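Undergrad: Given the sequences, and given the hints that come with them, work out the whole structure.
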Amino acid sequence: MSEQIDERLRTELQRQGVWVTSMQDLYNWGRKNSIWPLQFGLACCAIEMIATAASRYDIARFGGEIFRPSPRQADLMIVAGTVTKKMAPQIVRLYNQMADPKYVIAMGACAISGGPFKQGYNVLKGIDRYIPVDVYIPGCPPRPEALLHAFMELQSKIDSQKLTGAHKAVHLDPKQPSEFPVPTFGKHDLEPPGNPVVFQPPKIER
Amino acid sequence: MMESLEEIKARIQAAAPGVKIDIVANGSPSQQHSLLIDNEHAVGIAKFLRVDPALRLDFCSNATGVDWLDRTVKKTVKVKKLVDGEEKEVNETIEGKIPGYLEAVYHLYSITHKHGPVIIRMRTADRTDGARLPSLTPIWRSAEFQEREIFDLYGVRFDGHPDLRRILMWDEFQDYPMRKDYREPDDYEWEPTPHDEVLEKAKQHYPPRPAEEELKPS
Amino acid sequence: MTPNPYLFIVIFVGVALAFPLIPLALAWIWRRIFQPSKPGPDKTSTYECGVESIGDAQIQFHSQYYLYAIILLLKRFAGGLKRK
Ligand code: SF4
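Protein chains in written order, with my numbering: chain A, 39 to 244; chain B, 22 to 239; chain C, 1318 to 1401.
Hints were generated in silico from the structure; no laboratory data involved. Small disclaimer: the values here were computed from a predicted structure and weren't measured.
Not close to chain A: a few residues of chain B, all C-beta gaps over 12 Å, as computed:
| id | residue |
| --- | --- |
| 1 | 34 |
| 2 | 40 |
| 3 | 48 |
| 4 | 133 |
| 5 | 152 |
| 6 | 185 |
Straight-line C-alpha distance at most 27 Å; calculated DSS-like pairs for lysine-lysine:
| id | chain 1 | residue 1 | chain 2 | residue 2 |
| --- | --- | --- | --- | --- |
| 7 | B | 30 | B | 41 |
| 8 | B | 222 | A | 241 |
| 9 | A | 200 | C | 1360 |
| 10 | B | 201 | B | 118 |
| 11 | A | 156 | A | 225 |
| 12 | A | 124 | A | 225 |
| 13 | C | 1355 | A | 206 |
| 14 | A | 213 | A | 195 |
| 15 | C | 1360 | A | 124 |
| 16 | B | 118 | B | 101 |
| 17 | A | 195 | A | 206 |
| 18 | B | 118 | B | 95 |
| 19 | B | 222 | B | 201 |
| 20 | C | 1360 | A | 195 |
| 21 | B | 95 | B | 109 |
| 22 | B | 201 | B | 96 |
| 23 | B | 118 | B | 41 |
| 24 | C | 1355 | A | 195 |
| 25 | B | 68 | B | 30 |
| 26 | A | 156 | A | 124 |
| 27 | B | 224 | B | 201 |
| 28 | A | 225 | B | 224 |
| 29 | A | 206 | C | 1360 |
| 30 | A | 124 | B | 201 |
| 31 | A | 124 | B | 222 |
| 32 | A | 213 | C | 1355 |
| 33 | B | 99 | B | 109 |
| 34 | A | 241 | B | 224 |
| 35 | B | 30 | B | 135 |
| 36 | A | 225 | B | 201 |
| 37 | B | 222 | A | 225 |
| 38 | A | 213 | C | 1360 |
| 39 | B | 95 | B | 201 |
| 40 | A | 156 | B | 224 |
The beta carbon of each residue, even a glycine, is placed where N, CA and C say it ideally should be.
TA: Have a look at this one:
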């Protein structure tokens, strides 16, 4: 049903005025052009996100202008800004409450790794310690164009997701988790400091 | 023009005899000297500063903490000593230990007279159990959150504060992160270009180098 | 033969039912075939602000609260009338 159509056949048919598609293409086409982000900003990067949503950069051109105030209606979480350790459990909980399929963009140095505040006592060293991130945008802050680029990257990622088979999309696989453990406030740090299921920092080889 | 700190000190001591006030000089270009007031009479002194018609320091713009670790100070003193049966003056260095303490510093302004700042500071007895100070929130309401912040980050307990809880960190947190001897939990992760403190931390996580023989080409 | 004038309404009701039901049915079929449902304690929780809710949702308001509300309503209503 979702077998890929032969590209040559498809173009040939299109030339004759017949438009064919597969279920998978139709499904992904619909999803990638209506990504609704969750409306929240954490620090200075959020200003750039707001600029991206406003008329000058206009994320509406890509179908992402509907910022939802509720996680139940959102597909995309743009982690725009510094995640403090006090905020991290709330972010993870919001991610858990989003309906599948859901995607995460880590925007800016802070969301990726803690950025300029990495050595701070209350700064989480990257949101990818607790939730899986799909697109990382470097920069401090990234320009709105960079966010748009990340958005397009995400669209092409969605476009390439499979509907069936062994490599089907994560949200279609009943074995893949949709919720991730929420860290708790410990005596000296968040507990646990990272989720090993999603976060494996590179090891040093000598 | 506002009175000098010496005049303020003299007037406070005239109004309330027995109050201990020191002037802490600031050698930096800002020349912002401060009054070190004693904890017992702090609330009374604060009230005086606020209601005194000439001063009327009705606005506490900033309250902050300072951490002073235990210090050893070297002093050279001239001591008379018997050297070879003769009495001579000899320079000798003695090491003095100053036990650590915490400070709370308040910057006061007057909206009425448009002058300021007058800086007052209070010192705790030590950095552990004796880290207590009287709260000045009853005098300046704006100190409430800032005293909570000092409590949160330095661990100074303010007696008489209406609502002393942590304000930035979570309630379960037990350390005081702005103290100079605070060590953050070691959550080092691999970095391509570690430097300074991060390099020090990174070195502890590097696997041991393989022995020299193994590296030699055979 | 003129059609029954009420036939229109029947068609209208039919279309009105089909419009919401067809997408719902499609979604239901889609879920059965492709999308496994993955409920969880966070996902199905009542509130969605990210902070865990404290205490019971079914708390009792003091009866004075309603009295205040009524008095406020009366005052506003009366004030509006007076201005007219
Ligand atoms: S990456 Fe830079 S601009 Fe973005 S939140 Fe961090 S400090 Fe602010």
